[in-house]
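One-letter residues, chain by chain:
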Amino acid sequence: MSDLFRVEGLTKNFGGLAVSREISLAMPAGERLALIGPNGAGKTTFVNLVTGQLQPSAGRVVLNGEDVTGLGAVERVRKGLVRTFQVTRLFSDMTPEEHVTLTVLQRERKATRILSRFRGNAEVAGEVEGLLGTLGLLEVARRKVGEIAYGQQRLLEIAIALALRPKVLLLDEPAAGVPSSDTPRIEQALERLPPELAVLMIEHDMDLVFRFAKRVVVLAAGEIIFKGVPSEVAANSRVREAYLGNYANARSVA
Amino acid sequence: MTAGKRILGAALGALLLGTVSAAADTIKVGIIGPFSGPFALQGKNFQAGVEAYMALNGKSVKGHDIEVIYRDLPAANPAQSRALAQELVVKEKVQYLGGVYFTPDAMAITPLLKQANTPLVIFNAATSAIMTQSPLVVRSSFTTAQTTSPLGKIAIERGVKKVISAVSDYGPGVDAEAAFKKAFEAAGGQVVEAIRMPLNTNDFSPIMQRVRDSGAEAVFAFLPSGPTTLGFVKAYNDTGLKQAGIKFFAPGDLTQESDLPALGDGAVGLLTTFHYAVSHDSPENKRFVEAATKAVGGAEQLSFPSVGAYDGMHVIYKMIEATDGKQDAQKAVDAVKGLSWTSPRGPVSIDAETRHITENIYLREVVKGPDGKTYNKEIQTFPNQKDPGLATQ
Amino acid sequence: MRDVAGIVLIVAAGMAGYWLFPDNLALLTRVIAVALLVLSIDLIVGYCGVATLGQAALFGAGAYAAGIACVNGVTEPLTLIAIGALAGAVAGLLMGTIMLRAHGLAQLVLSIAIVQLFHEAANKASAYTGGSDGLAGLTVGPLFGVFEFDLWGQTAYLFGLALLVLVFIALKFVVSSPFGMLCRGIKEDPVRIKAMGSFVFPVLLKMFVISGAVAGIGGALAAISTQVVGLDSVSFELSANSLVMLVLGGLGTLYGALVGTVIFMGFEHAVSAINPFHWMTMVGALLIAVVLAAPGGLSGLLEKITASGKRTRGGRA
Amino acid sequence: MQTILSIAIDAFAYGMALFIICIGLSLTMGLMRVVNLAHGAFAMIAGYIASYAARDLGLGYAIAIFLAIIGTIVISIPLERLLYRRIYGSPQLTQVLMTIGITFCVIGITNYFFGPTLKTIPLPGSLSQSVNVGFKTIAAHRLFVMACGVVVALGLWFLIEKTAFGIKLRATVDNAAMADALGVRTQVVYAVSFAIAIGLAALGGVVGAEFLPIEPYYALRYMVTFLVVVSVGGAGSIPGAVVACLLLGAVDTTGRYLMPEFGNFFFYAAVIAIVCVFPRGFFGRAQ
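Residue numbers (the working numbering), protein chains in the order written: chain A, -3 to 250; chain B, 9 to 401; chain C, 295 to 611; chain D, 1261 to 1547.
Check before you lean on any hint, since a few could be wrong.
List of simulated lysine to any residue pairs, SDA-like, C-alpha gap at most 25 Å [stated by the list, open to error]:
no.: 1; chain 1: B; residue 1: K99; chain 2: B; residue 2: G71
no.: 2; chain 1: B; residue 1: K302; chain 2: D; residue 2: E1340
no.: 3; chain 1: C; residue 1: K488; chain 2: A; residue 2: S227
no.: 4; chain 1: C; residue 1: K488; chain 2: A; residue 2: T91
no.: 5; chain 1: C; residue 1: K500; chain 2: A; residue 2: R2
no.: 6; chain 1: B; residue 1: K67; chain 2: B; residue 2: N392
Hints were generated in silico from the structure; no laboratory data involved.
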């Protein structure tokens, strides 16, 4: 098969409880796939299984024709399977420029060097500047992350991911927690992602999903209940049930 | 205004003159000891011995005033020991060094003595080998081998043939084990088992179980004085070894007077050998105990390091007398070689060859006095004991 | 630029110590040896976020290695320092391998267990280490064949100061290298670092080795200048004290390590000379006061003061 | 067999003594998240009070224990208000600095006022005798320590798991802000928990004095032991602390019986092994 990335029958049990059941999906290069689902559908577990934070009980993760299921999180990143985090995980004492520089150096396997300067490489510096420029982070490049706006932190998450030159990118709710005034900038960044990159986006914001995704997968109770194009999602009865059932529950609790 | 200035000037002048003249005539003695921390009691006894000597014998020798400078070295720490000694010699300009509780601390000072032209009088550190490190060291205390060796004969005399030895696993403990084994086997006994206990042992009942299982008729023990001793003796009583008739021999570190109140009645009957008991019956000791008790601040705190310090000060006074205030370490040491006097512990002398003290070792039994308090009662004397550790070298 | 100024300041302070306290050089040399130990802790605690109460194991490894080499005829000081650094690095490798298996409190306890085992091993191997009597009889040859390690301790002090400055410069390079940044990242969030495609364990282990070498140099310096190695150099007490010095000075700046060591040891020396019997209370009060006044350590306090100074100046401009 | 039984009972007694002294620290570290290195200092203060009450005033053992607990808590109240409150939620190393400082002060002050000698707490006749339990002679006091340990363990378990206060405490630990919002007076909960932990330290100091004698350096001398026991058990876990104390007590005791000269090797090798297998301690809470 020519798929860049696919998962086959991914299953995870915690004790007796199945949090992921027989999940299979495939992505060619250039894919823009959105994974949606109500709270507790198992999206985060899925991301963790794919990126290697969790080991599946059954199933395979295949990248570029290679089975990476047995590999740890770090090796998968090195093979081009990269993620962002739902809640930003950044180093509050470092600047965006330092984050991206470190990431580029790491990608080049130069990050464990002791006998070179952190900013000693002009080529790296140029790439970093380019990335930060693309994401509109140049003006805050040398301020500590703890002091910049949350929207900018989210953009930095994407910049870090891109600095790793991924083949497959998992965006875990890239717009979560961002004030609506800043969402256009995130959207813009998503539009500018390299075209050949396969992107799997997990998102709640349906507007964003509809504008971004070519295809949509809906997850509920650990299972895929829908695969298709965005325009069909709303009409699907199982999806409606999953969401509205959830909604009804939410109503009764309130 | 002017009058005030004049008075001030005069006062300053007097002050300056005073210090200058005093400095010219003051001989400084630096004392290093554990004055704080886990061994603070021993350091306090150093101070008590020094102060008692100066109270009884005056604070000057041949017109030279003696000034004592104390420096704290809470635990064995050679680097700090060297730093303190260096400071005392170079900065405070002391002409004599004294004190030192731990062997490694003494070892760190000995390489300095020649350049410093300063003798070191050791008040406690009890390893034989220190004396060979420098010809400028004199010791006024004891060595573990010296206080332990008579026990070999004593055990045999009391009908004991098989002994189990239990010592703390560190230098002095190992020395004690070796010295006892040598003396006991020379006298015809047999050490059936030798246990070395980690220094930080808190519960000694498993050791006592081993003592019981070994079938020995007596236990020979050495632990550093302090809390561990208490645990050991308690366990010896609690586990019924005492009632079972297993005898207990140890050097006197185990029944130092300041630990006796804590040991209580459990200590009664313990047999120890040592160079000094606070109860020693002599006029010299009465004077000493009176003065030292005053200095240490309570009779229950007085213990053996005080007498080492007291006699150490005696040695230093004699050195000052011989050199008449001039700094000449070799002459000072030569002057006390062969020196003999009556110490609170009994007759003593400095061995001319080893520079270590020759003294009586006493066998003591812990008994209950008429006031209900326990004390070490001297019941047998082994006169003029040298350090067997040095003699063999 | 700031670092150049900082290093000039260290050299100046070192020389000031030499001129102002010419009679306390042995103490100052000891301060330098401990400062190296505290620096090595800063590498692990301040830059990697690994808590340790057992760093003296590495210091002691360096001290004993240098001491044993010296007793066996290696008397050239620089060689001894190199031996100490090597031994420290090997010990660091071992310690890191064990400690990095755990996190948090468990890690702290592993470090304690390791230093206790080292201590016990040094006590047991008394044939080589002298046990509790200490390893004595180190006669170190003159530095460069000329300068003797003598009573006055000028050689030892200047040698130590030079070592400290060199190590400090080297460490400044280390912590500002890509590797140093990576360690800082791991300290803040190891999961993020993994998501960047970097392993955590080998990076931290590398820092343990570097830290071990630094601690080992400190140990070797202590051995050379004291000419005796005691069990205290592999003790929990030394480990705990030096961690206290580091926290006192402030973590993760390297400067804090130096400030903390000098303040703690200087204060301890001063109060224990004034009252050899009850100085501990004063040291305790100092620690409490620092926590109340400057929870981030003394260097953090300095930074705050300079930062507020800058801010006011900036405001005027 | 006799030997094994005898070692077992020694191990149990020692483990229980450790438990009583350490459980308070486990609570402070696990539930209040304060690395209280001064824990031993409070145990020591209690020891001094009990010694004064029993030896110098001639009061009974039970009264001495009671006075020691009350007295130590009273002493700790100003410390909690002035010092500990400042470090709740601080980084652990800051807490270490503060509590080591307190320990140094307590040691210095004790040494100044009471001198460096050992202090004993005379036992009543019924506890100071040796009891023959068939296969060995054991001090009655050891039986008392074992009983105390069991009572403390059960009592604490009941307090934390079964009472209203326990619920508030657990809520406060899990999320102080949320508990506050729900009307739990977290300051009071902290203060009470602190007092309980100090009270336990005091009880441990007095009851365990036969194992760990009272002297000024107590707080530092046994600090490592306390830290190790608490961490191996998992801070804040009562069953964890029980298991850790019994297991480490057993390792220590058998190690010292079988090969005393390698006793420390056994002990610390066991600690390393346990920590590597249970990195959070036996029943540690996830961090």
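Here is what the structure says about each hint:
Note on K99 of chain B and G71 of chain B: the hinted pairing holds, with a Cα-Cα distance of about 24 Å set against a maximum of 25 Å. Between the alpha carbons of K302 of chain B and E1340 of chain D the distance comes to roughly 39 Å, so the proposed pair goes past 25 Å and is violated. Distance hint between K488 of chain C and S227 of chain A is unfulfilled; the C-alpha atoms sit about 37 Å from each other, more than 25 Å. Proximity of K488 of chain C to T91 of chain A is assessed by CA-CA distance (about 19 Å); at most 25 Å being required, the pair is judged to hold.
Taken as a hint, the K500 of chain C and R2 of chain A pair is broken in the structure, with Cα atoms around 36 Å apart against an allowance of 25 Å. Restraint check: the Cα-Cα separation between K67 of chain B and N392 of chain B comes to about 30 Å, which exceeds 25 Å; the hinted pair is violated.
When each numbered hint is compared with the structure, violations occur for hints 2, 3, 5 and 6.
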